[in-house]
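Enquirer: When you get a sec, could you build the whole thing from the sequences and use the hints?
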Amino acid sequence: MEIPLSWYLILAAILFAVGVYGALARRNAIAILMSIELMLNAVNINLVAFARYVTPRELTGQIFAIFIMMLAAAEAAVGLGLVLTVYRNLRHIQVDEINLLRS
Amino acid sequence: MTTTWRELGYLTPELVVLLGAAAVLLLDLFLPRGRRRVLGGVALVPLGVALGWVLRALWAQSGGPSQLHKVFGALLLRDPYSLGFDVVFLVAAILGVLLSLRYVEREALPAGEYYALTLFAVFGMMMMAMSAELITLFISYEILSLAVYVLAGIARGRAVSAEASLKYFLLGAFASGFLVYGIALVYGATGTTVLYDPLGQSASTISGLILERGLFGNALLLAGLALLVVGIAFKAAIVPFHAWVPDVYEGAPLPVTAFMSAGVKAAAFAAFARLLFGGFRNLGEVWQPVLWVLAVLTMVLGNAAAIRQQNVKRMLAYSSIAHAGYLLVALAAYTARDVAIGSVLYYALTYTAMGVGAFAILLVVGQEGEANQELSDYRGLASRHPWAAAAMGLFMISLAGFPLTAGFLGKFYILNAALRADLDGLAVVLGLASVVSWYYYLRVVWFMYMTEVPKAAVRPISRATSLGVAVAVAALLVIALGVFPSTALAVAQMAGHTLLPLGY
Amino acid sequence: MSAHQLAFLVLGVLILVSALMVVTVRNLVHAALFLILCFAGVAGLYVLLQAEFLAVAQVLIYIGAITVLILFGIMLTRKITGGAQPPLASHWKAAGAGAGAFLLLLLYVAMTGQWQVSDQPPMDSTTTLGLALVTRYVLPFELASVVLLAALVGAVLLARDETR
Chain G
1 MEIPLSWYLI LAAILFAVGV YGALARRNAI AILMSIELML NAVNINLVAF ARYVTPRELT
61 GQIFAIFIMM LAAAEAAVGL GLVLTVYRNL RHIQVDEINL LRS
Chain H
1 MTTTWRELGY LTPELVVLLG AAAVLLLDLF LPRGRRRVLG GVALVPLGVA LGWVLRALWA
61 QSGGPSQLHK VFGALLLRDP YSLGFDVVFL VAAILGVLLS LRYVEREALP AGEYYALTLF
121 AVFGMMMMAM SAELITLFIS YEILSLAVYV LAGIARGRAV SAEASLKYFL LGAFASGFLV
181 YGIALVYGAT GTTVLYDPLG QSASTISGLI LERGLFGNAL LLAGLALLVV GIAFKAAIVP
241 FHAWVPDVYE GAPLPVTAFM SAGVKAAAFA AFARLLFGGF RNLGEVWQPV LWVLAVLTMV
301 LGNAAAIRQQ NVKRMLAYSS IAHAGYLLVA LAAYTARDVA IGSVLYYALT YTAMGVGAFA
361 ILLVVGQEGE ANQELSDYRG LASRHPWAAA AMGLFMISLA GFPLTAGFLG KFYILNAALR
421 ADLDGLAVVL GLASVVSWYY YLRVVWFMYM TEVPKAAVRP ISRATSLGVA VAVAALLVIA
481 LGVFPSTALA VAQMAGHTLL PLGY
Chain B
1 MSAHQLAFLV LGVLILVSAL MVVTVRNLVH AALFLILCFA GVAGLYVLLQ AEFLAVAQVL
61 IYIGAITVLI LFGIMLTRKI TGGAQPPLAS HWKAAGAGAG AFLLLLLYVA MTGQWQVSDQ
121 PPMDSTTTLG LALVTRYVLP FELASVVLLA ALVGAVLLAR DETR
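Residue numbers (the numbering used here), protein chains in the order written: chain G, 1 to 103; chain H, 1 to 504; chain B, 1 to 164.
Quick caveat, the hints were computed from the structure, so don't treat them as lab data. Warning: the hint list may mix true and false statements.
Stated by the list, open to error - For the chain B half of the interface with chain H, some residues (derived, Cβ under 10 angstroms), not all of them:
| # | residue |
| --- | --- |
| 1 | Val56 |
| 2 | Ala150 |
| 3 | Leu158 |
Note that this is a predicted model, so its numbers are computed, not measured. Ideal placement from N, C-alpha and C gives every residue a C-beta, glycine not left out.
Expert: Structure, rendered in structure tokens:
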């Protein structure tokens, strides 16, 4: 145990915050999707680190991390499908310009 | 640890719904394009069978001792609580499918995928209500979410619908990021993801470990709980996580909006109550003030926004936020225990009947492409179409909470729980919020009954049988729950009792 | 400073720098390539944490599947060079302030939170995971297949061109 657990938690916190920033500040829907993937990776770092340090015999965190990877893939597939639908209708996917409903 | 056939038997309604989704998808392949309208009927079968199974199971337990089974280790709990919420989800889904039959055909939506995704969403809701473990809970939450994202955008040719579902998806994926971060922190603080053990056999659960290790002030655990609340509050459309609601509810196809406003909200509250009352009940003093603030914000802002709307669909969308606020009052009244949980369950069922009923009338009055949803379209409806106006009037006064309707009793029981928990301030806010809501609900009634239009301006309404059946079922439920509430309420309270662990 | 700690710091810098590039660069294809770099760094962390199976899964799923999907999405929806649009919304400062405040909260939690570090030696991760997925966690495992089926149906439906 040379690396303290808190190092992993701090790294994950920063990565998560970077993802949050990207999801809030980016205009392009695909860029937002990428930022959300960063957030999920931060969660996985937390989970795997906790699995290693807190429950090394059961590795619950690693199991959860596998499920999150699966869910991220499913989310990406559905998300890109939605992006394509919007693109077909509007010819762009800049989220802050999508304002049909705010009329 | 071994799973037997008997354990799978406890999941009968869930498996029936899942098989129904598979059947719809397969049939869709073999039916010629013109005959796909039968798929809606096919989707009703598993929903009806599941509802029958659930009601029979609840009936069998209503007199005698309630039964509680752990399924798949302790990942799922088959208890009257989950059965009670299953009734809500299945009623919402059956009404939703009835609303869709004509609509899917008229707007040329892909029927097979539409009904299959509806069934997937119901399956996710039912699993959410049963989950007593965070990994299972999260995966069920995602089944529900993914199915509903696609349903919201299923009218691919309409820019508004596509845009609404993209926004909903991006915000939803963002919120689920917070949810899993919360789960990760809770797991880190306790080393387990199991919420609680209602039979008290295992202490290595989150609720057990909080007591055993005295984790009351643990920053990791508290931050994790806060992020979990954010993730679920988003799904339940609680202020300040409600920004998506008006756009998505208006952009999504009307039957999907009806299904979402009732079913998704109920599923979020089902998981919310299990999480707070089951896993984190020992931290009640921490989360109660938070819920107090959220409830006030949600009731005040939801009603304030609904008042300003001239479009009935948007008005119903905003007012559904206010109703989430009423449900939050019941959750905040956690010291009233089974009374609080019972009132959540009862109100969820009530809101499903009256809310989906009101959306059904929107479909009756509305025209192709979702036109005719302005308040002025309801001018003189009573003289032209007295039955439609009468049903809409019933739903409106029930939503407003007038006596002899289900909505009144629902609010009454929530107030009762709040007063028992000494939350007098919150009860007062709930009362005032309801009075404010009378204005915009009764305005619809006023337009229907007190105004006239020239004969030339009279527009036809939709007379589809399926819509008529949906309206009739919803109206009967509103009246039945309002006039004879005792059975439903007794079951709800029993269900609430089993959510709580032994000796609590 | 030990070799492990050094490796952690190198990987940490790699992850954070590439993540920052992902959320700021103008060209989306470049952003996706930085995303791959970031994912690779995370896979390296998993190796440090003795989670070999996850490291491989990270490479296969995140780098192999998700990033490729994202690249397809980018190429189907805009000119590869990125165009003249500014990449960030006008409220990017507010977004930065929000994310920064949230970061402070998370850092506070990571510094002050308490956990019980187990002194038991870790299990062999691949065997343990394989066993857990078909015993204790068989239900989430089956539910995952429902997620994938629903996502598949939805994605095919949305991506299919309606005119056909």
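Enquirer: Of the hints given before, which are not true for this structure?
Expert: Per hint list: single violation, 1.
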